[in-house]
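**Q** Single-letter residue listing:
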Amino acid sequence: MHNVLMLLQAESAAAALNSNALLGAGIGMGLAIIGAGLGIGRIGGQAVEAIARQPEASADIRGAMILTAALVEGATLAALVFALLFKLA
Amino acid sequence: MIQAPAPPAQSPPNIGAMIFEHTGDSKLVELPFGLGEWHLPGPWYIPGTHVDVSPTKHVVFMIVAATLVFLTLWYGGRQVARRHREGRGPRGIGAAVEAMVLFVRNDVAIASIGHGGEVFAPYIMTLFFFILYCNLLGLLPWGAAATGNIAVTAGLALTAFLTIEISGFRALGPKGYLKTIVMVPPGMKGIGAVIMAIIMTPVELIGKIVKPFALTLRLFANMTAGHFVILVLLGLIFVFGTAPAAIRYIVAGGSVALTLFMMLLELLVAFLQAYIFALLTSVFIGLMRHEH
Chain V
875 MHNVLMLLQA ESAAAALNSN ALLGAGIGMG LAIIGAGLGI GRIGGQAVEA
925 IARQPEASAD IRGAMILTAA LVEGATLAAL VFALLFKLA
Chain G
495 MIQAPAPPAQ SPPNIGAMIF EHTGDSKLVE LPFGLGEWHL PGPWYIPGTH
545 VDVSPTKHVV FMIVAATLVF LTLWYGGRQV ARRHREGRGP RGIGAAVEAM
595 VLFVRNDVAI ASIGHGGEVF APYIMTLFFF ILYCNLLGLL PWGAAATGNI
645 AVTAGLALTA FLTIEISGFR ALGPKGYLKT IVMVPPGMKG IGAVIMAIIM
695 TPVELIGKIV KPFALTLRLF ANMTAGHFVI LVLLGLIFVF GTAPAAIRYI
745 VAGGSVALTL FMMLLELLVA FLQAYIFALL TSVFIGLMRH EH
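Residue numbers (the numbering used here), protein chains in the order written: chain V, 875 to 963; chain G, 495 to 786.
Please keep in mind that the hints were generated in silico from the structure rather than gathered at the bench.
A portion of the hints provided could be inaccurate.
[What the hints assert, rightly or not] Derived CB-CB ranges, DEER-like:
1) V/PHE956 - G/HIS544: 23 to 29 Å
2) G/MET677 - V/PHE956: 36 to 42 Å
3) G/ALA560 - V/GLY915: 36 to 42 Å
4) V/GLY915 - G/THR653: 32 to 38 Å
5) V/GLY909 - G/ALA739: 28 to 34 Å
6) V/LEU912 - G/HIS544: 41 to 47 Å
Even glycine gets a Cβ: it sits at the ideal position worked out from N, Cα and C.
Only chain V is shown next, with the shape it has when bound in the complex (with noise of 0.2 Å):
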């Protein structure tokens, strides 16, 4: 415990800073993968309920299914782009 905060103090005030961002990117990283957790599962629940619904249709519900998909997906990854920007700037 006395070694961790040695450590802690030891640091400098710009890895101080550095640690923050650091922080930042990771916690925006996670909130971005909740989102689209959330999205893309409910996109892909969906899609296999209408083809079990309409076996018939799959064909068009997995083209729907994938723009969609990719829709959502494109937001998260300009997300993580910015967070991954965080991390280098």
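With the hints as your guide, set chain G onto chain V.
**A** For chain G alone, kept in the frame of chain V given last:
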């Protein structure tokens, strides 16, 4: 029991820097089969500016991808035509090329653009095959994914943006095209129409810009993230390099198994991202052309 080699004495490598070096662009091309390294010439500045136009590693791999696209599709197309004249079905590369071309042309381009989509089918197929070959080259040893460079995907998205806007202008005419920017809900007159136009015009303009921006980031982030995951899993071996021998063997075996799984997933993603880029571009062209 095999005697484990002694743990290396040097400090653990910087995995983060290594990953960025592997996924980033550089002036150094690693040649396969131990042929050494190829230092690319440069910098070549455009006279009077600081813009460097000399080739980099990703440019080399884009040229390789374009050459492979040309060779396989040219050979496949000729084989399909020749065997068709002889009254036989295609086989080998010809059959693969025929199946993929027909899928991209009929189920992606024409199905999404609607009537008049045949005109755009060559462009959509060029996008699909070029992105596919770029993605697949990144999975080869000594290879690099040019689509993991945001400048490359931005260039591809720029061609998509110009195609969407110019085809929309040609299909709708100047007046119809202006309506896609200055949006007035049908049935509104007078001051209400003016207010709506003032509110909606920035929204419509942002909507036009966001489409190619999303195409750029989706392809770039998907390819880069896949390579990051593979390299991080392999980097675990080096992070645990000073651990006891039993842990080192377990970590190495696990990370190699997970890397194999991620490589198979990347093979799927390479096809999926090429498909999605082509599909979204054709959906956007279709939306623009049929906006009345």
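**Q** Hints the structure violates: just list their numbers, smallest first.
**A** Structure breaks hints 2 and 5.
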